[in-house]
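These are the residues of each chain, in order.
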Amino acid sequence: MSGKMSSMGGNNRIFVGGCIAVVLAAIALMTGVRTDYVFNASYVVLQFIVLASAWNILGGYAGYVNFGTSAFFAMGGYTALFMIKMFNAPLLVQIIAAACCTGVLGLGIGLISLRLRGIFFSIATVAVAIVLETVILNTDYFGGAKGLQMMRPEPIAPFTSYDTMLFFVMVLMAISAVAISRYIEQSWIGRGLRAIKDNEEAAECVGVPTLKLKLIATVVSGALMGAAGAPLVMYMRFIEPVSAFSLNYSVSALAMPIIGGTSSWIGPVIGALLLGSVQQIVTVTISSELNVLIVGVLLVFFVVVAPDGILGLVRKLRTKNSAKGDAKGGAQ
Amino acid sequence: MFSWDLLIGALVFGLLLGCFYAAVSIGLSLSFGLLDVPHIAHPSFLVAGAYATWWLAGFGWDPILAGLFLAPVFFVLGVVMYRLYYAMFEKHGSDAGLRGLAFFFGVAFIIEVCLILVFGVDQRLVEAVYIGKSIDFTDDLRIPMRLLVAFAAALLLTIGLTLYLGKTYMGRAIKAVAQDQIALSLMGADPVKVKQWAFGIATAVTAIAGALLIIIGPVDPQLGRIYIGRTFCVVVLAGLGSMSGTLVAGLILGVAETIVLTFFGASWAPAVAFGLLLVMLGVRPQGLFGR
Amino acid sequence: MKQGNPKNITRRAFVGAAVAATAVASTATFAQGAPIKIGLSIAQTGGLGAGGKAALLGLQMWRDDVNAKGGILGRKVELIVYDDQSNPATTPGIYTKLLDVDKVDLLIAPYGTNPTAPIMPLVKQRGLLLMGNFSFEVNERIQHDMWFNNAPWNDSVTWFSGFMEMGMKRGAKTIAFLAADAEFSQSLATGAKNLAKHNGLKTVYDQKYPPNTNEFSSMIRSIKASKPDVVFIASYPSESVAIVRAVNEIGVGSTVKLIGGGMVGLQFGPIMESLGSQLNGFVNYTSYAPEKTVEFPGLKDFLSRYAVKAKVEKVDPLGFYLPPFNYAIGQMLEAAIVATKGLDQKALAKYMRDTEHKTIVGPIKYQRNGEWANARVMMVQFTGLKDKDMEQFRQPGKQVILSPAPYKSGELKFPYEKARN
Numbered sequence: 001m002s003g004k005m006s007s008m009g010g011n012n013r014i015f016v017g018g019c020i021a022v023v024l025a026a027i028a029l030m031t032g033v034r035t036d037y038v039f040n041a042s043y044v045v046l047q048f049i050v051l052a053s054a055w056n057i058l059g060g061y062a063g064y065v066n067f068g069t070s071a072f073f074a075m076g077g078y079t080a081l082f083m084i085k086m087f088n089a090p091l092l093v094q095i096i097a098a099a100c101c102t103g104v105l106g107l108g109i110g111l112i113s114l115r116l117r118g119i120f121f122s123i124a125t126v127a128v129a130i131v132l133e134t135v136i137l138n139t140d141y142f143g144g145a146k147g148l149q150m151m152r153p154e155p156i157a158p159f160t161s162y163d164t165m166l167f168f169v170m171v172l173m174a175i176s177a178v179a180i181s182r183y184i185e186q187s188w189i190g191r192g193l194r195a196i197k198d199n200e201e202a203a204e205c206v207g208v209p210t211l212k213l214k215l216i217a218t219v220v221s222g223a224l225m226g227a228a229g230a231p232l233v234m235y236m237r238f239i240e241p242v243s244a245f246s247l248n249y250s251v252s253a254l255a256m257p258i259i260g261g262t263s264s265w266i267g268p269v270i271g272a273l274l275l276g277s278v279q280q281i282v283t284v285t286i287s288s289e290l291n292v293l294i295v296g297v298l299l300v301f302f303v304v305v306a307p308d309g310i311l312g313l314v315r316k317l318r319t320k321n322s323a324k325g326d327a328k329g330g331a332q
Numbered sequence: 001m002f003s004w005d006l007l008i009g010a011l012v013f014g015l016l017l018g019c020f021y022a023a024v025s026i027g028l029s030l031s032f033g034l035l036d037v038p039h040i041a042h043p044s045f046l047v048a049g050a051y052a053t054w055w056l057a058g059f060g061w062d063p064i065l066a067g068l069f070l071a072p073v074f075f076v077l078g079v080v081m082y083r084l085y086y087a088m089f090e091k092h093g094s095d096a097g098l099r100g101l102a103f104f105f106g107v108a109f110i111i112e113v114c115l116i117l118v119f120g121v122d123q124r125l126v127e128a129v130y131i132g133k134s135i136d137f138t139d140d141l142r143i144p145m146r147l148l149v150a151f152a153a154a155l156l157l158t159i160g161l162t163l164y165l166g167k168t169y170m171g172r173a174i175k176a177v178a179q180d181q182i183a184l185s186l187m188g189a190d191p192v193k194v195k196q197w198a199f200g201i202a203t204a205v206t207a208i209a210g211a212l213l214i215i216i217g218p219v220d221p222q223l224g225r226i227y228i229g230r231t232f233c234v235v236v237l238a239g240l241g242s243m244s245g246t247l248v249a250g251l252i253l254g255v256a257e258t259i260v261l262t263f264f265g266a267s268w269a270p271a272v273a274f275g276l277l278l279v280m281l282g283v284r285p286q287g288l289f290g291r
Numbered sequence: 001m002k003q004g005n006p007k008n009i010t011r012r013a014f015v016g017a018a019v020a021a022t023a024v025a026s027t028a029t030f031a032q033g034a035p036i037k038i039g040l041s042i043a044q045t046g047g048l049g050a051g052g053k054a055a056l057l058g059l060q061m062w063r064d065d066v067n068a069k070g071g072i073l074g075r076k077v078e079l080i081v082y083d084d085q086s087n088p089a090t091t092p093g094i095y096t097k098l099l100d101v102d103k104v105d106l107l108i109a110p111y112g113t114n115p116t117a118p119i120m121p122l123v124k125q126r127g128l129l130l131m132g133n134f135s136f137e138v139n140e141r142i143q144h145d146m147w148f149n150n151a152p153w154n155d156s157v158t159w160f161s162g163f164m165e166m167g168m169k170r171g172a173k174t175i176a177f178l179a180a181d182a183e184f185s186q187s188l189a190t191g192a193k194n195l196a197k198h199n200g201l202k203t204v205y206d207q208k209y210p211p212n213t214n215e216f217s218s219m220i221r222s223i224k225a226s227k228p229d230v231v232f233i234a235s236y237p238s239e240s241v242a243i244v245r246a247v248n249e250i251g252v253g254s255t256v257k258l259i260g261g262g263m264v265g266l267q268f269g270p271i272m273e274s275l276g277s278q279l280n281g282f283v284n285y286t287s288y289a290p291e292k293t294v295e296f297p298g299l300k301d302f303l304s305r306y307a308v309k310a311k312v313e314k315v316d317p318l319g320f321y322l323p324p325f326n327y328a329i330g331q332m333l334e335a336a337i338v339a340t341k342g343l344d345q346k347a348l349a350k351y352m353r354d355t356e357h358k359t360i361v362g363p364i365k366y367q368r369n370g371e372w373a374n375a376r377v378m379m380v381q382f383t384g385l386k387d388k389d390m391e392q393f394r395q396p397g398k399q400v401i402l403s404p405a406p407y408k409s410g411e412l413k414f415p416y417e418k419a420r421n
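Chains as they are written, first to last, in the numbering used here: chain S, 1 to 332; chain U, 1 to 291; chain Z, 1 to 421.
Certain hints may be false.
[Said to hold, decoys possible] With a Cα cut of at most 25 Å, we get these calculated SDA-like pairs of lysine to any residue: (1) Z/Lys418 to U/Val129; (2) Z/Lys103 to S/Val33; (3) U/Lys167 to U/Trp197; (4) Z/Lys309 to Z/Lys103; (5) Z/Lys388 to U/Gly60; (6) Z/Lys202 to S/Arg34; (7) Z/Lys388 to U/Ile135; (8) Z/Lys388 to U/Phe69; (9) Z/Lys124 to S/Thr35; (10) Z/Lys124 to S/Pro90; (11) U/Lys133 to Z/Gly253; (12) Z/Lys197 to U/Gly265; (13) Z/Lys314 to U/Trp55; (14) Z/Lys346 to S/Pro90; (15) Z/Lys227 to U/Leu7; (16) U/Lys133 to U/Trp197; (17) Z/Lys124 to Z/Val81; (18) Z/Lys173 to Z/Pro404.
[To be verified] Stretches of chain S that chain Z covers, calculated by requiring three or more beta carbons in the stretch to come under 8 Å of a beta carbon on chain Z: (19) 150-162; (20) 278-285.
[To be verified] A few chain S residues that don't get close to chain U, going by computed Cβ distances all over 12 Å: (21) Asn11; (22) Ile27; (23) Arg115; (24) Ser176; (25) Leu293; (26) Gly309; (27) Val314.
To be clear, the hints were calculated from the coordinates, so they are not data collected in a lab.
What you are looking at is a predicted structure, and each value in this text was computed from that prediction instead of being measured.
Yeah, the Cβ is synthetic: ideal placement off N, Cα and C, and Gly gets one too.
Could you put together the complete structure from these sequences and hints?
Next up, the structure:
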């Protein structure tokens with residue numbers, strides 16, 4: 001037991017070291033690179049790391065498939081818009097407000113999960129997304145269908161441009177999201193959620209507080225998605241409902257963990273890095289309908305060939321190798 | 001601005017529109033409702049059917065005829081699709097849920113792109129004698145013939161499928177496979193064969209519904225995305241696997257949408273349909289006619 | 001220096017070519033310099049994809065023409081084009097890539113209002129020239145003074161007034177509005193409603209419907225019940241088709257003198273062909289109709305060359321609506337570069353602002369907000385159309401121009417119920 005504890009501690013140290021390395025790399029990038037495009041493209045990929053990690057907390061660990069990622073994402077964006085219009089709030093306040101709002105929405109979704117499981121839960125989340133989109137469409141305060149354009153304020157020192165600032169904020173958010181997702185996975189919450197995924201009734205019978213766990217998962221997951229959506233207004237300098245509630249966000253948030261592997265926190269990160277970067281690259285290279293095709297083909301390919309995502313593939317290779325090693329050892 | 005005249009009109013058009021919703025959903029009611037296949041790609045098949053109809057209409061075919069002709073082609077397609085799905089997921093046991101979903105999402109995207117590559121991104125529509133004309137009951141109440149076509153098709157499909165599932169051996173087997181696979185295999189029927197047959201029928205029905213889709217209005221390759229919500233809404237509202245329930249649920253959706261848009265404003269219509277679904281899911285998750 | 005077919009040279013192009021020739025002669029070393037890179041994103045998928053593909057073809061034809069004559073100032077023109085999927089979320093990334101990585105010299109905006117909206121603050125902050133591509137009132141909030149939108153309208157007033165006046169001249173007192181709940185259509189409808197109110201037209205029906213609605217029977221029936229004199233519709237392509245059908249089926253009643261106005265899609269060849277006779281009687285905006293009153297030097301030639309290429313590319317075979325305007329964007333840039341002898345954004349913008357541009361879509365002059373000073377939203381009435389015939393749209397007399405006055409080629413047939421037959 002103590003051995004396991006210490007190895008956990010070691011893992012934690014590696015993880016924290018990794019996070020610091022990422023932040024340092026981001027800072028180096030900001031001082032070294034002068035093209036805003038790099039930051040714009042990285043921003044999108046990082047945003048998907050947050051979305052995918054958030055989705056995985058509920059979808060991967062607990063097995064509740066949320067189809068309504070776009071609802072949380074867009075609500076985050078519109079909360080930020082509200083904060084800008086109402087209080088001229090700085091970015092950090094926008095993000096916190098967005099996370100609070102979508103956390104509450106997550107609570108609502110969690111209550112839905114009391115009654116609904118499986119695909120019914122998924123359909124309910126779609127319904128929530130469509131109802132919310134309709135409400136926004138009909139609210140003139142938020143620009144309605146026309147949307148609203150926004151000029152960016154001056155970046156806060158030490159940042160030289162707003163793009164780098166947004167990028168750095170997203171780096172921090174991605175690290176937080178991954179850390180939270182990792183903490184949940186490895187703590188009692190994760191164990192409980194996995195029990196719910198395997199068999200909810202059985203889990204309840206042996207005393208797992210399923211409701212509490214599910215609510216934690218939906219609130220945390222929702223808040224993270226909303227936080228990811230908050231800087232959208234300033235990133236795009238524009239917000240309008242159709243693109244903010246785009247099905248793309250929902251599909252990507254689901255596809256990325258599946259491609260990477262849903263069982264562990266690193267899966268969504270790998271999936272988001274892979275799919276997100278491929279999408280970014282394809283947009284500015286091949287740039288045609290093939291863009292949509294890539295998501296489709298990758299999804300089908302991974303679901304069929306690597307049922308447990310890239311993580312599963314790696315694990316399989318490892319066990320194969322170690323089995324080979326064992327066999328060799330036996331022969332000697 | 002309420003008037004009885006408008007209300008009657010809204011009801012009539014709502015019912016007709018509802019029939020159309022039922023027709024485009026009934027295939028899903030079979031594949032998802034009865035067979036538990038998370039067929040997110042159903043609307044994409046619908047749009048594919050519509051495009052195939054458009055293509056045949058280019059040779060002077062009548063759209064309905066084209067739809068009927070396409071049905072057996074789509075039947076084969078459905079069988080192949082199910083075999084793929086079975087070999088990849090169901091064969092290996094239970095946890096197909098999320099992966100199955102992702103798989104069909106992928107398929108939907110692939111179909112969408114193939115349609116773009118083959119037909120381009122333009123909106124397509126068809127012409128026929130019953131499109132753009134109406135039957136005039138009074139000068140105030142004229143009913144578009146294409147809606148009547150949808151009405152008749154929905155009715156025939158519902159009755160046909162209900163009879164098929166209730167009266168024929170294969171139909172009963174399909175219903176049985178939905179309820180108890182093991183019992184069915186004990187009776188000597190192969191559940192996989194039954195399911196692939198059922199999935200084939202579901203897809204064939206989708207081809208006919210696709211012809212209806214392009215009769216009602218223009219289609220573009222990405223239209224399927226909008227119908228994901230609507231078709232699943234109807235099927236869940238109906239209660240999984242109930243054919244007559246699908247018709248009723250379609251009617252409810254159609255009437256609710258039309259009444260709201262007539263008296264409260266069209267821009268609220270989508271929220272009403274899905275609000276209705278949310279309430280339904282909260283109050284009676286098994287649907288109106290759930291098993 | 002290679003010259004184009006002399007017959008096709010407009011005066012501006014001729015002067016331009018002459019200036020270019022001297023410029024080339026004076027800076028011979030410059031001649032083989034790096035190409036002039038022009039960057040843009042244009043929808044090739046999604047809702048705007050059909051229009052975007054045709055528009056792009058127009059722009060590519062300009063590039064080929066320019067390069068065939070040896071480029072601008074001796075430099076070849078290179079287009080760098082990405083697909084924004086009709087999605088405004090993709091354009092900020094694409095345009096920073098164009099600027100920072102591809103290092104383009106000039107920018108053209110995406111086709112359509114929505115994808116353009118996020119670019120406006122970007123170009124304003126960076127102080128860049130941006131040529132607009134059929135967007136609508138997108139500079140309203142931002143007020144960027146280096147924005148030049150190439151679309152034959154200015155604001156909703158210039159769009160709607162011609163339509164409204166036609167109705168009022170025929171004694172219209174009431175109006176019904178039907179508009180898609182989306183960017184362009186709502187901007188247009190809001191402006192139109194204000195103008196109608198200002199002119200004493202009473203609004204008897206006002207409906208905004210969600211995008212992608214495909215069944216309009218009950219809305220048309222409600223319009224009919226409200227007995228309006230004028231029906232103004234602002235819609236997107238697939239809904240325009242559904243509305244035209246529903247109006248044919250349900251009817252809008254004998255009171256309606258005028259119906260249409262802002263329906264996108266009824267300018268696209270494939271849609272016009274499929275609707276055929278159902279279009280008869282509708283009055284709608286367009287950017288060009290092949291009437292005898294419309295003679296812009298070079299346009300006929302462009303359209304006939306376009307028709308050949310469109311067949312190969314499988315895009316809109318008529319190409320009246322967007323392609324000539326995209327070609328004209330190229331012409332304006334070309335003239336500006338030649339005149340300012342360089343690519344300085346400020347100098348180019350000043351030239352754009354101060355000059356009357358000669359293009360294949362006629363002379364263009366910009367006003368302060370970067371929109372056309374002399375808006376020319378043509379209101380045409382479809383008449384005498386048959387089903388399943390693409391070629392009929394190339395004939396005069398099928399899309400009769402009612403307004404603006406200089407291009408008028410016929411009188412409004414009304415009421416609608418009579419005009420449709």
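The hints, checked one at a time:
Taken as a hint, the Z/Lys418 and U/Val129 pair is honoured in the structure, with Cα atoms around 22 Å apart against an allowance of 25 Å. Among the hinted pairs, Z/Lys103 with S/Val33 is consistent with the structure: their alpha-carbon atoms are about 15 Å apart, no more than 25 Å. For a cut-off of 25 Å, the pair hint linking U/Lys167 to U/Trp197 stands: about 16 Å separates their Cα positions. Between the alpha carbons of Z/Lys309 and Z/Lys103 the distance comes to roughly 30 Å, so the proposed pair goes past 25 Å and is violated.
Taking the CA atoms of Z/Lys388 and U/Gly60, the gap is about 11 Å. The hint holds against a cut of 25 Å. As the CA atoms of Z/Lys202 and S/Arg34 are separated by approximately 57 Å, the hinted pair breaks the 25 Å bound. Using a Cα cut-off of 25 Å, the hinted pair Z/Lys388 and U/Ile135 holds, with the two alpha carbons roughly 23 Å apart. Restraint check for Z/Lys388 and U/Phe69: satisfied, since their Cα atoms lie roughly 24 Å apart, inside the 25 Å limit.
Between Z/Lys124 and S/Thr35 the alpha-carbon distance is near 18 Å, which keeps this suggested pair within the 25 Å criterion. Distance hint between Z/Lys124 and S/Pro90 is fulfilled; the C-alpha atoms sit about 22 Å from each other, no more than 25 Å. The straight-line distance between the Cα atoms of U/Lys133 and Z/Gly253 is roughly 15 Å, inside the 25 Å bound, and the hint therefore holds. Of the pairs offered as hints, the one joining Z/Lys197 and U/Gly265 holds, with about 21 Å between alpha carbons and a cut-off of 25 Å not exceeded.
Taking the CA atoms of Z/Lys314 and U/Trp55, the gap is near 15 Å; set against the 25 Å cutoff, the hint holds. Distance hint between Z/Lys346 and S/Pro90 is unfulfilled; the C-alpha atoms sit about 33 Å from each other, more than 25 Å. Our distance criterion of 25 Å between C-alpha atoms is met by Z/Lys227 and U/Leu7, whose separation comes to about 17 Å. Restraint check for U/Lys133 and U/Trp197: the C-alpha separation of about 38 Å exceeds 25 Å, so the hint is violated.
Between Z/Lys124 and Z/Val81 the CA atoms are separated by roughly 21 Å; this keeps the pair inside 25 Å, and the hint holds. Simply put, Z/Lys173 and Z/Pro404 have alpha-carbon atoms about 22 Å apart, close enough for the 25 Å limit, and the pair holds. Here the stretch 150-162 of chain S counts 3 residues with a CB under 8 Å from a CB of chain Z, which clears the bar of 3, and the coverage holds. Here the stretch 278-285 of chain S counts 3 residues with a CB under 8 Å from a CB of chain Z, which clears the bar of 3, and the coverage holds.
Remark: the non-interface label on S/Asn11 is consistent with the geometry, its nearest Cβ contact in chain U lying 27 Å away (cut-off 12 Å). Listed as outside the interface, S/Ile27 is consistent with that label: its C-beta sits roughly 36 Å from the nearest C-beta of chain U, beyond the 12 Å cut-off. With a least beta-carbon separation of about 6 Å from chain U, S/Arg115 fails to lie farther than 12 Å from that chain, contradicting its non-interface assignment. Residue placement check: S/Ser176 keeps its beta carbon more than 12 Å from all beta carbons of chain U (closest about 26 Å).
Here S/Leu293 does not stay apart from chain U, with its beta-carbon only about 4 Å from theirs, under the 12 Å limit. Residue placement check: S/Gly309 does not keep its beta carbon more than 12 Å from all beta carbons of chain U (closest about 10 Å). The beta carbon of S/Val314 sits about 18 Å from the closest Cβ of chain U, which is more than 12 Å, so the claim that it is off the interface holds.
Violated hints, listed in ascending order, are 4, 6, 14, 16, 23, 25 and 26; each of the other numbered hints is respected by the structure.
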